[in-house]
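Residue numbers (our numbering), protein chains in the order written: chain E, 238 to 999; chain W, 238 to 999.
One should not assume that every hint holds.
Repeated chains share a single entry, so a pair holds when one copy, or any two copies, can fit it.
Unchecked claim - Once the Cα atoms are required to be at most 30 Å apart in a straight line, the calculated DSS-like pairs of lysine-lysine come out as:
(1) 782 - 284
(2) 782 - 831
(3) 463 - 650
(4) 913 - 782
(5) 417 - 242
(6) 776 - 787
(7) 535 - 252
(8) 252 - 666
Simulated from the structure, these hints should not be mistaken for lab results.
Values in this document were obtained by computation on a predicted structure and should not be read as measured data.
In case you want the letters, here they are:
There are 2 protein chains.
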Amino acid sequence: MGIGKSIPRIDALEKATGRALYTDDFQMPGALVAKCVRSTIAHGRVKSIDIQSAQALAGVVSTFTYEDVPSIPFATAGHPLNLDPAHEDVADRLILTRNIRFYGDEIAVVVAESEKIAQEALELVRVEYEGYEPLMTPERILAPGAREIHKGSGNMAGESAFQCGGDVPKALLDSDFLLKADYQTRMVQHCQLENHSVLAHMKDGNRITLVTATQIPQIVRRIVGKALSLPWHQVRVIKPHVGGGFGNRQDVVLEPLAAFLTLKLGGRPVRIALNREESFGCTRARHPFHIHMTTGVKQDGTLTANQINAVSITGGYASHGHGVAAAGSAKACSLYPRGAIDYKGRTLYANMPVAGAMRAYGAPQTLYAIECNMEDAAREIGMDSVRFRLKNVAVEGDVNPLTKKPLLSCGIKACLTKGREWIGWDEKKRHYADWKQGPIRKGLGVACFTFGSGTYPVCVEIAGVRLVLNPDGFISLQAGAVEIGQGSDTVAVQMVSETVGVPCSRIQLASTHDTDFLPFDTGAYASRQSYVLSNALLKASQEFKTKILKYASMITNISEANLDIKDGIVVHAGEMSPGVISLEDLARNAYYHKEQGGQITTDVSHKTTTNAPCFGCTFVDVTVDIPLCRVHINDIINVHDSGVILNPVTAQGQVQGGMAMGIGAALYEELRVDRKTGYVYNNSFSDYKMPTALDVPHMGCEFVETFEPTSGYGNKALGEPPVISPPPAIRNAILDATGVAINELPLTPQTLFRHFRRAGLV
Amino acid sequence: MGIGKSIPRIDALEKATGRALYTDDFQMPGALVAKCVRSTIAHGRVKSIDIQSAQALAGVVSTFTYEDVPSIPFATAGHPLNLDPAHEDVADRLILTRNIRFYGDEIAVVVAESEKIAQEALELVRVEYEGYEPLMTPERILAPGAREIHKGSGNMAGESAFQCGGDVPKALLDSDFLLKADYQTRMVQHCQLENHSVLAHMKDGNRITLVTATQIPQIVRRIVGKALSLPWHQVRVIKPHVGGGFGNRQDVVLEPLAAFLTLKLGGRPVRIALNREESFGCTRARHPFHIHMTTGVKQDGTLTANQINAVSITGGYASHGHGVAAAGSAKACSLYPRGAIDYKGRTLYANMPVAGAMRAYGAPQTLYAIECNMEDAAREIGMDSVRFRLKNVAVEGDVNPLTKKPLLSCGIKACLTKGREWIGWDEKKRHYADWKQGPIRKGLGVACFTFGSGTYPVCVEIAGVRLVLNPDGFISLQAGAVEIGQGSDTVAVQMVSETVGVPCSRIQLASTHDTDFLPFDTGAYASRQSYVLSNALLKASQEFKTKILKYASMITNISEANLDIKDGIVVHAGEMSPGVISLEDLARNAYYHKEQGGQITTDVSHKTTTNAPCFGCTFVDVTVDIPLCRVHINDIINVHDSGVILNPVTAQGQVQGGMAMGIGAALYEELRVDRKTGYVYNNSFSDYKMPTALDVPHMGCEFVETFEPTSGYGNKALGEPPVISPPPAIRNAILDATGVAINELPLTPQTLFRHFRRAGLV
């Protein structure tokens, strides 16, 4: 009774009234404040550090440098443990470092009684460096004799390759046309509103409690445990409401240091809260990619082959390492499964801010190249862009050449058709033919995407759910799933409602995650949450309902088979009223009958061994002002096949939020790093241009509902994908309007000016 | 491997280092402070209240009076819901009241930004009363025409009667001797160190969170729900560490008001913290009893009958009502099951502080009368006090004449024998024969007790346990049991250790109770916790071990029957080393194998439908200084049959703590209420004389270990009983030393002087 309804987010009230607790709302008496001494060069080594004057300042409790931390290298990437050692993340971090890999690297820390004192102390620290040339471009990074940013790495954080779907050299030879180009995407920032902040204390026995806005509470335990050489259960993680994740919180950035500090300070509460500048430059960003791509097509529009050669830049530390490039590239096989595909990818260290997971994890970069290259191919053979894609995109039954898994649900063709109609493609195509000259031009663009629902088979996919019938007949839902604003708690309630037969309003879910209590789930990433959760919730809800009906049968002497739950009341199966017993009366009996019953609960841990791709596309209608080099979006829509839509309004929210982020990456955003010092110029919201409500156009959002049979409720990934296709669609629309193919991002007036001048337009 | 070992309390480290969090350590930014306007008369009605000046004070956020609260009467007693309406607690409270029943009754409340402002505001409130005569003695309370303290009550909060074990009038006629006397016990206070304090807020959606040091988190939900007409799940209760309960926290005293305030104030955090004076006079106390008792004996020492007529005073509100008197009186049937027993009891309202649950719940009062009366009987027939008891106390196989249940374990005879030997009874008896004259006299005393292990069949006995295998192989134990300092968490860990086969150090239990997460258990009272828990833990541990072995079998291909867990390692059954797989490796596989496994958990809710009596006795050796009317305890011992002793050191701690409390009630303590105003004179630790470390003698403690077959680990009640028998034993020793039978408490110099003068000794 809950699926498909636009019930309000279950945390709407507390968020709208300002009551919702975020990390900084957790205050403890006597909590200390820690601040990091950060490097002011991008590449080098600390020759000496003078922290005595800081330590001597009244109100400074303690200081620690790279000399005081454990020599245990650890990885910060928020991946579940992989039993295959080959899949271990690169352990290239220490809690504090003497070797500087990027501007802002953590060298030392001061702990003081107040923020103000900590800041004053920071200014008293003197650091002497031995500086090296910052390495920021693939050429420099890979130049023979280039200094290794991490010893023994050859400046490579990882590489991979695959071929599938046929013999690529042969397929390219057989093609009528070959399209080759180089594409570049830039480093952008998540810009989640809430800065990174952690409160650490040891009030719970000998254990460390971390209050932190993370996407991966359980993984934080493991990584902190590793960094400090503690058993994982010694680390308790509490995740309050989260002011945006987008992948920036799928890295364990501050937690090991915070845990180290409280451990060193006898368990005293310590808070580390980054300011906005630190959040911009010293957390994680999106990997910039350099992609050389070749597409082969036949005259009739058949795609024959894609050859992709990608270089990804991870910055000073590996973080998610080569995983982002590898994951992104695999998308080609899902979206266009009938061509031959050849992929080579490398991920390089650079003396730049660290890149990590960011919404859609490599897909925006790779699919930018693919969807630009496909557009160029369609134009080359003179075929309509939509028709070209309709001819080549995946259909149900296609087998992914890389994973060898058949597609069980696929609505991309219907998405293209729906989007084409919505934007008025054919009519506008005709109309805009008159707008290809002069200072104001108009054009249409389209781009497709696909994305997985989780990480299987690369990582384990596990979700845990506990359901409890409360004494008042309400149901408590405890899910290990991590709500970070994406709405997973709300759809979880809807799923339970659907299967148990109880109104959503009678299901209560605590939004604060606590690893001490909640069932195990690896976290919110890879658009996995509602997909992986669906099977666990279905199983748990069915089991729970059975237990309730069994108890009802016992106290009413009506056979279980003849009972059902409707609208929160146990009824005769197939009937509605008057009902046999309310859940409240049943619960009361189960709890308080002196000889029978007990608390009715269900505790399910479920592994998902499937990974359903979702699909979709962006259509965009733009006006380009040639003299001003400006793009105006007249209309834009994303059409998604995410299987069954669990909650249309929150789904729409996800899509529109992602589209805005995609428009930002397309038109405005780039984290600008000084090539000499490694300093991030635009490390504030005044300088970093992300689109505001005034900048984004009305964003259309439509769904093509398929039913994904591997999912408990037919649903597939939705959280990340909306960000993927707007940039190539906008680039393709500009190409349509102006005839200029721009193969880089962002499409700012400055970028357009360069390309328009080269094309002779300005 | 854990049972019977004196492992350190699992919360020892955090308590010893001061890290442990108590209610007042939970601070929230912007929390308001509430203080109650309390009546300054004991009986009457508020004619008018002027709270305007308080409201007008800067920093006062709000004020509320009896006019602003819901008109929903509720009961404060912390009993589980009883499905039999006849067992419902008396609902005689409102959140704030216009009708005054005791000095300190809550009339209004001021809420301010700080403690200081709230206190200032309080002093600006003007109340006009219509005052009535305070009713404090049974004669006045029951006098014809006496004003009803609660309308329609006839000033009776409850009454009950039973006869069992034979025809009492006939048995009395058949006796050779009849001993009749009146006994009086006084109102004493729990004196738990931590005052009552509650923090209420609504940060979790539309729900109310209460942080409170309660013994009954789940029952708080129900009572607050009732008082505010909210579904129970809307109330979340968090119980941090508790600075002593003793029954004072088995009442829901502050929580409804705190919940009301945050609800009225838009969810803002509000704290109500009582000061010591309020804790003494306005929380709960022990019911004073007036007991008329007759014992019939034959010349050979055979006990024929006990006739008990008890009047209990509950003060201004019913609280636990007549339950205390009824529970206390039933103890006679368990301790001396072969005589006929006739009981009548009444519980009266009075304009005195409210009495509620207090350690041993009526048994100290009733058994004081019984054990004094038995002593007098033994002396009357010239039989040794120990021999007389050995002849009459219960033995295994005896059937309780009231409950009709056979005794499955009973070590009271062995306790008497062990105590007699420990104190050197026979030798001292001979020696002290020379000390019955002159100013310094010496004597020996003995008294027995019995107590139940829970409340069954009066109330439901339910315990819940969840066990989780952590990814690092450690076990998390989540028990609904409520740790209030008694050590139940520690023995719970020992039980799991015993059955699963894992060292206690590898079992982790979170001490903070949270009703949102922990399995259901009604709380810490009735010495039920480790008994009721034992069966739930045994069941859960067995199930959990089976699940682990099943998984081990799957991944090792060794049959389950050939596997066992020893010292935290899965081994070949019957062998120890080298072991098949560590729990750490097994857990890692279960969590992270991509196709099989999952989080291994067990979730058990168990009802106990037995109630095993425990037994024991006190032996005491005293010197009485006749001129100074002072008693000096030379030696004292409690010997307990509590079944299997789970942890000898913590068990000894419980016994010695209880003995100190018993010595306090015997020699020092009385809550002194002004007969005209109802004001408690000695409402501070300077005026209320509880024994300090300097006042208590060395306290012996021995156990007679029986095995109680209805218990998961053979254990029985231990928490409350140590307090019961020291007072009658000391009274009996004074009688032995001086020949003066004093039938009241406390045995202060003032009391002794009155009696000694009457006896012509001074």
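Consistency of the hints with the structure:
1. 782 - 284: neither (66 Å within a copy, 56 Å between copies)
2. 782 - 831: both (23 Å within a copy, 28 Å between copies)
3. 463 - 650: Answer is neither; intra-copy 47 Å and inter-copy 57 Å both fail.
4. 913 - 782: neither (64 Å within a copy, 61 Å between copies)
5. 417 - 242: neither (46 Å within a copy, 76 Å between copies)
6. 776 - 787: both (16 Å within a copy, 21 Å between copies)
7. 535 - 252: The answer is neither: 54 Å in one copy and 77 Å across copies each exceed 30 Å.
8. 252 - 666: neither (44 Å within a copy, 75 Å between copies)
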